[in-house]
Structures are given as C-alpha cells and as structure tokens.
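Visitor: Using the hints, position chain B against chain A.
Protein chains in written order, with our numbering: chain A, 1 to 277; chain B, 278 to 542.
Because the hints were derived from the structure by calculation, they are not lab data. Predicted model only: the values in this text are computed from it and were never measured. There could be a bad hint or two in this list.
If you want a taste of the chain B side facing chain A, the calculated C-beta under 8 Å gives, among others [stated by the list, open to error]: (1) ARG443; (2) VAL444; (3) GLY446; (4) SER448; (5) ASP451; (6) ILE456; (7) PRO459; (8) TRP536.
No residue lacks a Cβ here, since even glycine has one placed at the ideal position from N, Cα and C.
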Amino acid sequence: MTDNDNSYHIRLEGLGKSFQDKTRHVRAFDDLNLRVRHGEFVCVVGPSGCGKTTMLRCLAGIETPTDGVMEVHRAPEPETSPRAMVFQQHGLYPWMTVQGNLKFVLDASPIPPEQHEEIIDRHLTRVGLSRFKNFYPYQLSGGMNQRLSLVRAFCVNPQLLLMDEPFVYLDYQNRVNLQALLLELWSDREPTIVFVTHNINEAFTLADRVMVMTRSPGTFKREVACDFPRPRDVLELRKNTEFQDKVFFVTQDLKEEIQAAARLIEEETARKARTAR
Amino acid sequence: MSNGERFLDREPSRRDERWLFIASPIIVLLLWEAAVATHLIDGRFFPPPHKIFAKIWELAVHEDLHEDVLASMRRIVVGTAMGFFPGVLLGIGMGLSRWTRAFFAPLVALSYPIPKIAILPLLLIIFGIGEMTNLMVVAIGVFFLSLINTFDGVRRIPKQYFEVARVYGVSKRDVFFRIVLPATAPSIFTGLKLGAGYGLILIVAAEMIAARHGLGHRIWNSWETYIITELYACLFLISLIGIALAFLLEKLETRIIHWKQKDAD
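Bound conformation, chain A alone (with noise of 0.2 Å):
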C-alpha cells in the first residue's frame, strides 16, 4: 500500500459533499475516488450539474467538502504557491492594471518581492501582454482576459494548478489558442493540473488522463489514459485517430449521463416553477 504516503500530489477517498438548498437535501457528488501524481495533467468531464466543478472548489478551498479523505500534499520547495486557479470567469479586478492584477497574488505568494517585476515581465511577455502591462482589463479583449487570468495563475509558480472550465466563453479560435498556450505554459515546470471541462475534445488534447463522471450526483464512472507524446500540436492531434477513438468513445459513455441529467434538469425546474408558485 502506498497510501499516506507523499507520491501522490492529491488523494480522494470516498469523497462526499451534500448541502441543504432552500427546499431539499442535496447531494453535489458522491464516493469519489482520485489518485493524481505530482506533475499529472487531469481532465475531468461530466454533464452538467454532475459536481465537477464543486469538487474542484473543495480542492481549492473554496468549499468543504462533507465525508470521505481530501489529501492535498506540499511539496517543500521553496518559492512554489500551493495552489492557484483559473476560473471561468476571468475573475480580474478592474480597478487593477494588467500587472495590477499579477503584482496582487504575487504579493500573497512566498516569491520575495524582489522577483516580482522580473517575473511579472516574463510573464507577460510569455503571453503577448507585455504592451498592455499599464492597461486595466475593460481595455482589453475577452481573450486577453483570458490570457492574464491564465498567467495570473502561472506567475506564483503554483504545485497545483485548478481550472474550471476557463475556455468555455471564448469562441474557437481563442480557445484553441489557449490550449496550446496552457500546454506551452504547464511545460515550464509541470505543475499538477486538474482541469474540469465538459468539453470532451479539450480534455483529450490537454490531458494525461481523463476521468469521466456520472450524472449528479456525480462519481467517477471510468478513467481513460490519453498518453499522446508531447509536446503537442492542438490541431494536429485532432486527425490522430486514436484520438478520434477515445473522444468518440467518452462521447457515447457520456451521451446516456448527459440526457439523463437534461432530464433531470428539466424536472428539476419543472419543480422549482410549482414550488414558486
């Protein structure tokens, strides 16, 4: 047995969340079970409402999870934040500049202040900002955002990294963009990344391993391994046809969970009307 041991970065045992809505009991997800490495890439996919992203703020702290073991190890190297996150949302603050926004969490982080403005302008540089470093984000694009919320991240030099589905305002373009430049990015140093998205075609391209979910409450259902070599070319590996396979594959594995889950849905709010009422 390897368990309480530091070889895995993140550890899930049984993991549970339930809270109490206005109305009823409900259960975000249920018995999950995760082993991730330091340095993996992991994508999780799911329908919607399946508890994806819930888990991924108990991860972050965000929120508690109710039963079952949360492990989040350190490793003790110096100048390395524990975690960051990129959310759907850029999640800036408008009254910074765009190094505003860098200088912001840099301050929080253990990096010495000295370090700062040297990793600030590598930073943006690394992205194409760097001509917009005194600009504040209501003067630049949606992708822009995007791209800053996506170095802000990388800038304290994270062990862990938690994206929830960061891509799915940008339009393709942009979007494929921004796979290749996280890639590029997490390439640096390989910080363990857990990346939720419901895009089945973003995960395999991103990931190391997909973890598929169930519909809410959602558990893991299968683990699909995605050992493409890397580095990899986003559009390129789009003609592989080993992984035409495993996304058609996930696809149909996910299309009972997806309509089951629009099915609820939609009691769901059928519920909620009569209940307004």
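Guide: Just chain B, lined up with the frame of chain A:
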C-alpha cells in the same frame, strides 16, 4: 436640417445639449423679466432677475454676504465629513460581519425613517444655538445615506473577488484594502453625492433656527423683514452651491473610479 428636416425632428447632439445647458436658464430668466415688465406676474412676489442680481451684488459689496455663504459651505463640508466617515465604517462593518449586521440592522431600520430635521429641537437642547447643532444635523443626514449605500455596495461585491483572494492566499488586510474598499468605492461615492445634496437641504433648514450666520439664517431674516429680493438672492446662491458641489464630486468620482464608467460603456 440639411435634408429639409425640421429643427426638433432630430435628436440633440452633445453640442446641442451643452449650449442648451446654458441657454435654457437664460431663456427662462428673460421670459421672467418680460413677464414682470408686462405685469403678467406680480413683481412684488416675483422680483425681476436683474433686481435679484443687483441685490446679490449689493449684499456682496455692502454687507457680509460672503460670510454667510462661507459659513453654510463650511458647515456642509465639515458636517458631511463628520457623518461620512462613521457611515462608511459602519456600512463596511455591517456588510462584512453578520454579527455587526444583526445588531445594527434593526437600529438603522428604526432611526432611518425619522426626518433628520425633526431631530433639530433635540440637538438645540443638547448643544444650544451654535456651530455644533448645525454640524450635527448635516452629519446625521449624511451618516445614514453613507451607511446605507456603503452597506449595499459591500453586499454587491461579486463573490468571485473573494474566492480568487482565498485561492491565492491573500491576507485579510489586502482583501480589505485592495478588494473591499475599491469594489465598494462606487457605492460609497453614491452615498457621498446623495449625502452632500441632502446636507445642503438640512443646513439651510437648520440655519433658519439654530444659527446667526449662513444662507438659511439670511433667508429667515429676509422673510421677517419682508425683503423678497434678498430671499431670492439667497435661493440663487444655494442653487449655485448645489451645482458646484455636484460638479466637484462628479469630477472627483470619474477621477477615482475610472474603471466603473468605462465598464458601463
């Protein structure tokens, strides 16, 4: 107009709005002047504007009008400051802490509906006729408006701002000064603008009874001595103070909260 359009058929441009801003009061003043000259309205109750302006000139030169103006303005500024800062502090406290909110919410709900000028007699008993009474009336009015707007602003801060801070391990101190304060600044400003405007109303009313200087005091005097032009002169000046105050705060706001206006565009 070029295509045979008639004047009012088109929407006014920015430029139109700007010149009308000056022109419309002048037009009304001229109509007023004409109406008095033709005896359409009674010049005793509605003295013609040129007499009002002459009165302002006369008061400014021969009497201490500027002292009254300054006294009123000082009271607005000092009284506003006295109410604004405690209001903002308690508003933030109530916005952030459930205990604070639970304790103060009923007190605020009970005392907020009281017309602030109704407290004046009580203040007169406590502080007597003098500066403190006047300042306190303004301060109390501004306090509530600042408090309520600030509280509302804190409650409307998007949850995600706090979540990002939480994930990245941002200190409580930084959350307060670098998130809560700037995120609430637009609402704080709304409270300040409303408060300063309300302060002007309150100070004029208070000065009628509780002061020996100030525009309110002078208005009351001119009523008692039946000098109607002086009464109008004071009303004109109060209006000017109000506009100047609103203009200054507006400028300050666009300066400090530059991201908010742009956000809305």
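Visitor: Decide, hint by hint, whether the structure agrees.
Guide: Hints, verified against the model:
1. ARG443: Status holds, d = 6 Å.
2. VAL444: holds, 4 Å
3. GLY446: holds, 5 Å
4. SER448: Holds. Min distance 7 Å.
5. ASP451: holds, 7 Å
6. ILE456: Holds. Min distance 7 Å.
7. PRO459: holds, 4 Å
8. TRP536: holds, 4 Å
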